[in-house]
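Per this note's numbering, the sequence shown starts with residue 1, numbered consecutively.
Just so you know, the hints here were simulated from the structure itself, not pulled from any lab data. Among these hints, one or two may not hold up.
List time: in silico BS3-like cross-link candidates among lysine-lysine, alpha-carbon distance up to 30 Å [claimed, not checked]:
1. K152 / K388
2. K362 / K152
3. K314 / K362
4. K381 / K214
5. K261 / K40
6. K151 / K261
Cβ pair distances, simulated, as ranges [unchecked claim]:
7. H478 / G247: 15 to 21 Å
8. T65 / D38: 25 to 31 Å
9. G480 / Q364: 17 to 23 Å
10. K40 / Y201: 56 to 62 Å
11. N383 / L318: 35 to 41 Å
Every residue, glycine too, gets a C-beta built ideally from N, C-alpha and C.
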Amino acid sequence: MMKHLVILLILFVGPAVVAQQAITFSNLLKDGLYNNYDIKLRDVALRKSESTLYAVQGSLLPYFTFSIGKGVGKVPDLSQQGTNYLETQYINPTISGVDIYAGTRLENTSMLDATYYNGSGVWAGARIPLLRGLGSRSLLSTSIQASEIGKKIAEQELSNEVLVYTRDMLSAYLSFNRYHEQIALRQMSRQEAQEYQGFIYELIEQDEIPRVEKSRADVLVAQQDQEQTNARIQALNAYYRLLILVGISQTSTTKEIPSIKEIIPDPDPEVIRRFINDHSSINDQLLMNTPLYRTLELSMEENRINLLYAENQKKNELDLNVRLSHFGVYTEEQNFHFINTLRSAFPGSSASLSLTYTLPLKNQRQEGAYLQQLEMYNASKTNLDQLKFELRTQSQNALAALDQLLQFYADIQELVEIREKAYEDEEEKYRLGNATQIDVILSFENYYQAQSNLIDLKFQIFDTLVEIKYLLGLMPRHLGQLESSDLNNFLIQ
1 MMKHLVILLI
11 LFVGPAVVAQ
21 QAITFSNLLK
31 DGLYNNYDIK
41 LRDVALRKSE
51 STLYAVQGSL
61 LPYFTFSIGK
71 GVGKVPDLSQ
81 QGTNYLETQY
91 INPTISGVDI
101 YAGTRLENTS
111 MLDATYYNGS
121 GVWAGARIPL
131 LRGLGSRSLL
141 STSIQASEIG
151 KKIAEQELSN
161 EVLVYTRDML
171 SAYLSFNRYH
181 EQIALRQMSR
191 QEAQEYQGFI
201 YELIEQDEIP
211 RVEKSRADVL
221 VAQQDQEQTN
231 ARIQALNAYY
241 RLLILVGISQ
251 TSTTKEIPSI
261 KEIIPDPDPE
271 VIRRFINDHS
281 SINDQLLMNT
291 PLYRTLELSM
301 EENRINLLYA
311 ENQKKNELDL
321 NVRLSHFGVY
331 TEEQNFHFIN
341 TLRSAFPGSS
351 ASLSLTYTLP
361 LKNQRQEGAY
371 LQQLEMYNAS
381 KTNLDQLKFE
391 LRTQSQNALA
401 ALDQLLQFYA
411 DIQELVEIRE
421 KAYEDEEEKY
431 RLGNATQIDV
441 ILSFENYYQA
451 QSNLIDLKFQ
461 IFDTLVEIKY
471 LLGLMPRHLG
481 QLESSDLNNF
491 LIQ
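Could you build all of it, start to finish, from the sequences and the hints given here?
Rendered as structure tokens:
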């Protein structure tokens, strides 16, 4: 009887079943890589993080400032001619928080008390934050570190989304195959029920049994129709779930169920038990390599960097400005005299040091920001510990369940054989007049229900295997790896 099911299933998955083209897992998987909306959003988030890092790194680039002006007016008791000037300054920010600058000023002479003065000159210096924002805890350094980690987080989130997509695709495709097999089983059970119905009709025509026995045979056929219809509904639901995951919209609704080219093999107990033994001892390194764990780990590191910055911001501000300059006076004529200014000995070169200290009454805003960041860091540590616990526990539970499912699968296989023999015996006893039609129908239903349970259990085993591989990060996690993957690689290897 089971051989008949396999033959019927092979015929059922062929292209002659429906008008639509047969689908394969590899084609669906590849189509979804380019159409799945969740993957698209994660890819956009990755590009955004790259842009953010690019922008923050641009803050390290030096820049120029330019200013031009004209002064008009009088000073009491002194006559002052308007001053025209052009000033430019070069500023080079550094990741340590120190700003290095150099500038030059070109100014025409100004007359003050019948004397021409020239304000042209050059200078260079550095602004150094001594207490707050110096070194690795500067705003620029913190922003770059946080942006670099943000990019890594986006990469891990994309990898995890690929894992989620692969898991969901496998789950939906397995579900679709499951109902394909259920439909094939119900086609076979209906055919056998019709043969039994014909046999009952013959006995009634020959007046060997009462005509009231006809209704029981009719009900049996109707029940198989109902079971087949239910399986078709479930198959259509699974098919539309596949379409959603792939990101393909139908132009119109369809009642046809696409055929499939792949028959899911029966689970190999030896191969699966080897997999269970290989992963029975789950080490931390395996869990720490999963994209989901890496995402939370990087988030914790990002919070740690922001915490150090917030802690540094609680300090008062003390800024040192070191400056070297050279200015001169030229008194012969009213004009731009930049070169002559540099040659002048008066006032000449000078150096200056200035300290600026800011003493707030209370650093409540900075203290509050620090406490808030501290709680975010503590929460990220707790989330990471929770995830590790959940991954380990869920994986161990799934591995234990998988081992029990294999044993249950073997028991159901034996039960199918027993119920097949019981059904055949009841048929023979009925022919000999030693059993009722109720006995035959009950054994028929028990036999096909056992086969249906066996199909469900088969796919439950593969679903559990897929979930374990997802939890441990054992499936392809990069888009390029999915291009060459086939179904057996996910289910067996």
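Evaluation of the provided hints:
1. K152 / K388: The given pair, whose Cα atoms are some 20 Å apart, holds under the 30 Å limit.
2. K362 / K152: violated (37 Å)
3. K314 / K362: holds (10 Å)
4. K381 / K214: Given pair K381, K214 is violated - Cα atoms ~70 Å apart, limit 30 Å.
5. K261 / K40: It holds: about 28 Å lies between the C-alpha atoms, which stays within 30 Å.
6. K151 / K261: Violated - the C-alpha atoms of K261 and K151 are around 40 Å apart, more than 30 Å.
7. H478 / G247: 15 to 21 Å: holds (19 Å)
8. T65 / D38: 25 to 31 Å: violated (46 Å)
9. G480 / Q364: 17 to 23 Å: violated (52 Å)
10. K40 / Y201: 56 to 62 Å: Check passed, 59 Å falls within 56 to 62 Å.
11. N383 / L318: 35 to 41 Å: At 37 Å between Cβs, range holds.
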